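As they're listed, the protein sequences go chains A and B. The numbering used here applies: residue 832 is where the first sequence begins, and numbers increase by one. The numbering used here applies: residue 311 is where the second sequence begins, and numbers increase by one.
Worth flagging that the hints you see were computed from the coordinates, not collected in a lab. Accuracy of the hints is not assured; some may be wrong.
As the list claims (entries may be wrong) - Examples of chain A residues toward chain B, derived with CB under 10 Å:
no.	residue
1	Asn851
2	Val914
3	Ala917
4	Ser935
The structure presented is a predicted model; accordingly, all values stated were derived computationally and were not measured. Heads up, the beta-carbon is just placed ideally off N, CA and C, and yes, glycines get one too.
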Amino acid sequence: MKRVLIIDDDEWFAGSLKANLSSKFRVGVVSSATDIFPAIEKFQPDIILLDLVLSGVNATTFLNEFASYDDMPHISIMVMSSVADAIKKDSLTSLGVKALVDKSTLTADSLEELL
Amino acid sequence: MEISAIIAAAHELKAPLCLIRQLSLQLENTSDPREIKKITTRLKLTAERSLRLVNGLSRTARLEDAFFQLTPIDVGSVVKDVAQEISPLADALNQNILVQKKRQKLVVIGHFDLIRTILLGLLDNSLTSSTGKKIEIKMGLRKQNLMLTVRDHGQAIDKKVYENIMQNIGKNVVGNADRPLSSGLGLFIASKFTEYMHGQIFARRHRQGGMTFGILLPLSNQMELF
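Only chain B is shown next, with the shape it has when bound in the complex (with noise of 0.2 Å):
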């Protein structure tokens, strides 16, 4: 990882550490147990998605290794996971995460956590962007690919944040002036992972606000076996 990524991430991660440090001195000083329950509850979601784009930085270091193997995967198994396991930040952010249900098993080549790391950093980014009350996520299928997509409804994006961002996806950690509290760190994790998957990245902007943040992942020539 290039100096200046690795600059960007301590930028990035030092953020929440902040936000760690005014929610314990908050929590020194209080006695109401409703404010002691919010302030830890918020205590450890922000550790917890601290730890989530560390790990993702580790894995990212990993790569070159090839440490993880690419086997058949059941993308809608690791939607489900990553859905539970964000669902305590949703609900502390008066969000709502719509899963497209689907039917039909849709397998690809990958590694299950790379896949849910991704998911999560794409979630995890939309949640704290969004200011509408839903964020849709859905599978489908384009030529030989599986279509994975996170949509979210917040601020519209001007166009040249929009260009700055696709223009180093992948190459340099870049913030997303429109929407400071989004990661680039987590967006440039996403797109190294889903690189290694021999899969692509990408993100439109809609003109009446948000963004769809999405990746495409070859399927698996077993998708019929399950």
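Next up, chain A with everything else stripped away, as it sits in the complex (with noise of 0.2 Å):
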């Protein structure tokens, strides 16, 4: 089973989808901004949803800092958000992003086909 890495401050949010996802996913999530990194080292992710405001992080500012690290090119970083319809996504394509996850349709199928 592929392992799905939550990051989301909203603990309802993240809990239901973890959840969720439990069914075709290992899950874990992250829901502080100093706590990401060490849960990656420590979950060891194949794919990172994140969501795209989440309180003291700015997503370009982790993505950058991400792109950074070599030892983490296996990791599909996917940006979530509930206005995904009115953001563009080159402007995240650029920053190494996978995909854009709109929150309003996700579930364990939808993030499945876009592995």
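Assembly of the complex is requested from the two constituent chains, each provided in isolation within its own frame, with the hints serving as guidance.
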């Protein structure tokens, strides 16, 4: 089973999403900005589902920092948002984002189709 | 309401709907009674939060028609009503709402529902943003006004984020980049209602973390009658 790390500070959303993705993935959750890299180190995800707007973290800063590490090229980063239809995907692709995921349609099946 | 504010409001209302959807999917696939109880409580609280925002928005649209008559209102009774309504959400988020007790009745010229909506909005924002364990509601006097404040002990707010909020308060629906779960729409509604009641909304950020949001409302001359 592929490992998915959810990075979202909305604990109710993250907890519910974790439960819903667990049918097809092994899922971990991080809700605090300071815990992100230690969690990646520990959980060793194949996929990161990153909420676009996270308290205390600028998504661009995080993505740039993530891209600077040589030992994580195997991890697919997907950015998720409830307003994905209002975001220009190109701006994220240049930051190494594999896909922009709409929270309003996200399911285990829809995530599997993106891989 | 300007188009940009409508778009911002629509986006902000979409987030709780995404949560309701995930919770519903989760509910479909669980048979554990404790889990079912937890999920249905969260569904209810999320729906109630969204309804408060939508109700506030529709009331904002009616302000221009002078639909709401201003009369003497005992703010303490509003605070008591609101603290009771918001307590299930506070419990679910492991927060305590502490209401400062006042012997003297504090009466303003206002509208019960508008003050109630303001306070609910400020509390909702504090509850979803606070990393501390308490939210404090205080009432006091400042010259000829009542000052009603909500203090949380959440994340410290960046100065630029704070300045952006203050510049746009009452004009636009702006999010708080340091508190993405809080409602720019709620703050916009609160500022419009406060303005309607000839009051003022303000915010302070605290070095040790958290924010205070508050309103000043004109005191009623009839305070001595209560």
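Hint by hint, here is what the structure shows:
no.: 1; hint: Asn851; in the structure: holds, 5 Å
no.: 2; hint: Val914; in the structure: holds, 5 Å
no.: 3; hint: Ala917; in the structure: holds, 7 Å
no.: 4; hint: Ser935; in the structure: holds, 5 Å
In this structure, none of the earlier numbered hints is contradicted; all agree with it.
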